[in-house]
Amino acid sequence: MSTLTATATAPAAATARTFSLTYLAVELRRLLRNRRTVIFTLIMPPVFFLLFGTVDSYKTESVGHANVTAWIMVSMALYGALLATTSGGASVSVERAQGWTRQLRLTPLRPAVYVATKVAVAMVLGLAAVVVTAVVGFPAGASGDTTRIVESLALAWVGSAVFAAFGLFMGYLLPSENVMQILGPVLALLSFAGGLFMPLGDGVFATIAKFVPTYGLAEIVRGPITGGDVSPWAVVNVVAWGAVFVVGAAWRFRKDTARA
Amino acid sequence: MTTTELFDPPATGTLALDLRGLRKSFGTVRAVDGLDLAVRPGEVVAFLGPNGAGKTTTIDMLLGLAQPDEGEVRVLGLEPSDAIAAGRVSAVMQSGGLLKDLTVAETVRLTASFFRTSRSAAEVMERAGISEIADRRVGKCSGGQQQRLRFALALLPDPDLIVLDEPTTGMDVEGRRDFWNALRADAARGRTILFATHYLEEADAYADRIVLVSHGRIVADGSAAQVKSLTSGRVVSATVDGAFDEAALRALPGVGDVELRRDRVIVRTTDSDAVARHLLTATTARDLEIAARGLEDAFLALTTDRTDEPATSQTPGSLA
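Residue numbers (my numbering), protein chains in the order written: chain A, 1 to 260; chain B, 1 to 320.
Calculated from the structure, these hints are not laboratory results.
Please note: incorrect hints may appear among the correct ones.
[As the list claims (entries may be wrong)] A few chain A residues that don't get close to chain B, going by computed Cβ distances all over 12 angstroms: (1) Leu21; (2) Ala25; (3) Val55; (4) Ala97; (5) Arg110; (6) Leu155; (7) Ser231.
[What the hints assert, rightly or not] What follows is a set of in silico ranges between Cβ atoms, one per label pair, in the way DEER data are often shown: (8) B/Asn51 - A/Asp256: 40 to 48 angstroms; (9) B/Glu126 - A/Pro111: 29 to 37 angstroms; (10) A/Ala206 - B/Ser25: 52 to 60 angstroms; (11) B/Glu72 - A/Phe19: 41 to 49 angstroms.
Even glycine gets a Cβ: it sits at the ideal position worked out from N, Cα and C.
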């Protein structure tokens with residue numbers, strides 16, 4: 001008799017799944033099958049690094065605790081991680097268009113778990129992007145204080161979480177099936193403007209850069225190898241943009257899952 | 001608007017589906033306009049109506065995908081979202097809902113992982129008739145194969161109720177037949193099934209109860225045989241004058257439904273000879289016409305909006 005009452009009162013609590021490891025595994029497999037994602041996030045950043053970062057003079061010139069080659073490697077690792085996490089987050093766009101998120105609502109899987117899985121997968125891809133760039137970068141001449149370089153790489157990965165939120169936000173906002181065709185160029189532009197690909201100097205671009213979402217991350221990530229103090233501006237930049245993306249993603253997510 | 005009730009009031013006990021006074025508008029469009037429906041466990045119900053009748057909106061509400069403006073939804077005695085979380089109701093939607101880059105088997109295994117307990121992937125694929133395409137990418141499957149995949153997914157939690165929204169839209173004849181065979185085999189196990197369709201033949205062939213819906217309301221509800229009898233027979237029409245005796249007409253054998261449109265009387269009957277003889281001999285009726293009624297015609301007659309016409313004298317229960 002007690003079992004009867006139990007099933008009658010709390011069926012949802014008893015059966016709703018909090019997490020699906022199978023889902024995570026399937027998502028990772030899907031990612032590796034997606035040639036475009038692999039090329040853009042795992043091949044392009046190391047290739048850019050090899051093209052622009054391995055000039056002989058860069059290997060001897062120091063930025064503080066590492067050589068310029070390491071500076072460029074860390075920047076490219078961050079760029080790759082940003083691409084990875086953004087595309088991971090933005091994949092909700094395609095899946096909404098295909099009706100997958102609606103289908104999921106016909107299962108016990110909670111929408112929040114869906115988003116958590118997306119973010120987790122985005123972060124795994126981001127980690128892969130960082131590792132691949134490092135694996136190419138160290139033998140190709142990036143050198144200096146290894147601990148500091150690894151710190152920078154770790155910060156690149158952790159910091160890229162901000163762009164997972166950006167990807168989610170855009171994925172929910174943009175109806176396009178090919179949302180990365182928009183976000184890819186946007187990210188490249190933001191990376192240039194934020195000083196990810198080259199030092200900014202002191203001109204008008206440096207002033208503009210302080211407001212670009214990639215600026216803060218770039219400064220913080222390169223902090224360990226340059227050894228300079230990270231400017232408060234960089235921290236404000238990351239926190240502010242992070243808040244905008246998270247709040248935006250949460251807003252669109254709620255709107256998407258609300259029952260009309 | 002007349003609702004033709006053919007079913008006994010539902011017996012006490014938990015209904016598979018209990019919709020009461022459902023209303024839902026989108027802007028000024030009333031998609032569902034006061035819909036009541038009770039489905040008992042084990043029934044196979046066709047939700048039949050033309051496009052735009054409110055079928056999909058009703059299904060969205062009973063699955064918890066949409067919130068009714070008014071009214072109450074109980075699925076197996078539960079809130080829709082609870083019934084879904086408990087795996088007691090599942091649905092086959094019209095289109096979409098599949099990831100094209102997964103294989104059929106991956107999709108089934110993945111969906112199975114969302115449920116605490118589920119049938120095995122192999123079993124549901126077998127039952128839905130897609131075992132032989134297990135390794136095919138979803139994007140490469142035909143519409144019919146994708147639909148059987150959706151059906152396999154719906155079978156995973158071994159639900160008490162399966163809801164299908166126009167499951168054979170866009171399928172070829174063969175795909176349609178395979179799909180219904182799979183569904184029919186499953187229904188034989190005693191599962192409650194509600195499917196929306198705008199194909200009369202499907203409703204007739206696969207449901208043991210047909211609910212006709214039009215403009216967001218139920219206009220007829222009965223067994224397939226009853227709905228068919230409603231749709232059999234002929235329509236006799238004639239021009240009559242003011243002194244016309246409607247009651248005498250109604251008293252004739254076989255007369256179903258009598259309707260007056262201005263000076264024209266329209267009689268649906270299974271004995272058109274008797275009606276014609278009466279009209280021509282006992283009244284001053286002229287311009288008499290007799291037309292056969294197909295299923296399609298009756299369907300249209302039942303589901304066409306009549307609010308723009310003068311009050312009709314259609315009687316409830318006229319199918320008996």
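Practice task
Look at the Cβ atoms of B/Glu126 and A/Pro111 and judge whether their distance stays inside 29 to 37 angstroms.
Solution key: For A/Pro111 against B/Glu126, whose Cβ atoms are near 31 angstroms apart, the range 29 to 37 angstroms holds.
Handout entry: Consistency of the no-contact label for A/Ala97, given chain B and a CB cut of 12 angstroms
Key = violated (8 angstroms)
Practice task
Starting from the hint 41 to 49 angstroms, judge whether the C-beta atoms of B/Glu72 and A/Phe19 obey it.
Solution key: Given range 41 to 49 angstroms: violated, Cβ gap about 33 angstroms.
Problem - Verdict on A/Val55 as a residue remote from chain B, using beta-carbon distances over 12 angstroms - result: Label holds. Min Cβ-Cβ 40 angstroms, cutoff 12 angstroms.
Exercise for the section: Report holds if the minimum CB distance from A/Leu155 to chain B is greater than 12 angstroms, and violated otherwise. Expected result: Holds, since 33 angstroms exceeds 12 angstroms.
Exercise for the section: Note whether the CB distance of A/Ala206 and B/Ser25 lies within 52 to 60 angstroms or breaks it. Expected result: holds (55 angstroms)
Practice task
Against chain B, does A/Leu21 hold up as non-interface, every C-beta pair farther apart than 12 angstroms?
Solution key: Check fails; 8 angstroms does not lie beyond 12 angstroms.
Handout entry: B/Asn51 paired with A/Asp256, Cβ distance criterion 40 to 48 angstroms
Key = Violated - the Cβ-Cβ distance for B/Asn51 and A/Asp256, about 26 angstroms, lies outside 40 to 48 angstroms.
Problem - Verdict on A/Ala25 as a residue remote from chain B, using beta-carbon distances over 12 angstroms - result: violated (9 angstroms)
Practice task
Compute the least Cβ-Cβ separation between A/Ser231 and chain B, then decide whether it is above 12 angstroms.
Solution key: holds (43 angstroms)
Problem - Minimum Cβ-Cβ distance from A/Arg110 to chain B exceeds 12 angstroms - result: Violated, because the least Cβ-Cβ distance between A/Arg110 and chain B comes to about 9 angstroms, which does not exceed 12 angstroms.
In this structure, the earlier hints numbered 1, 2, 4, 5, 8 and 11 are contradicted, and the remaining ones agree with it.
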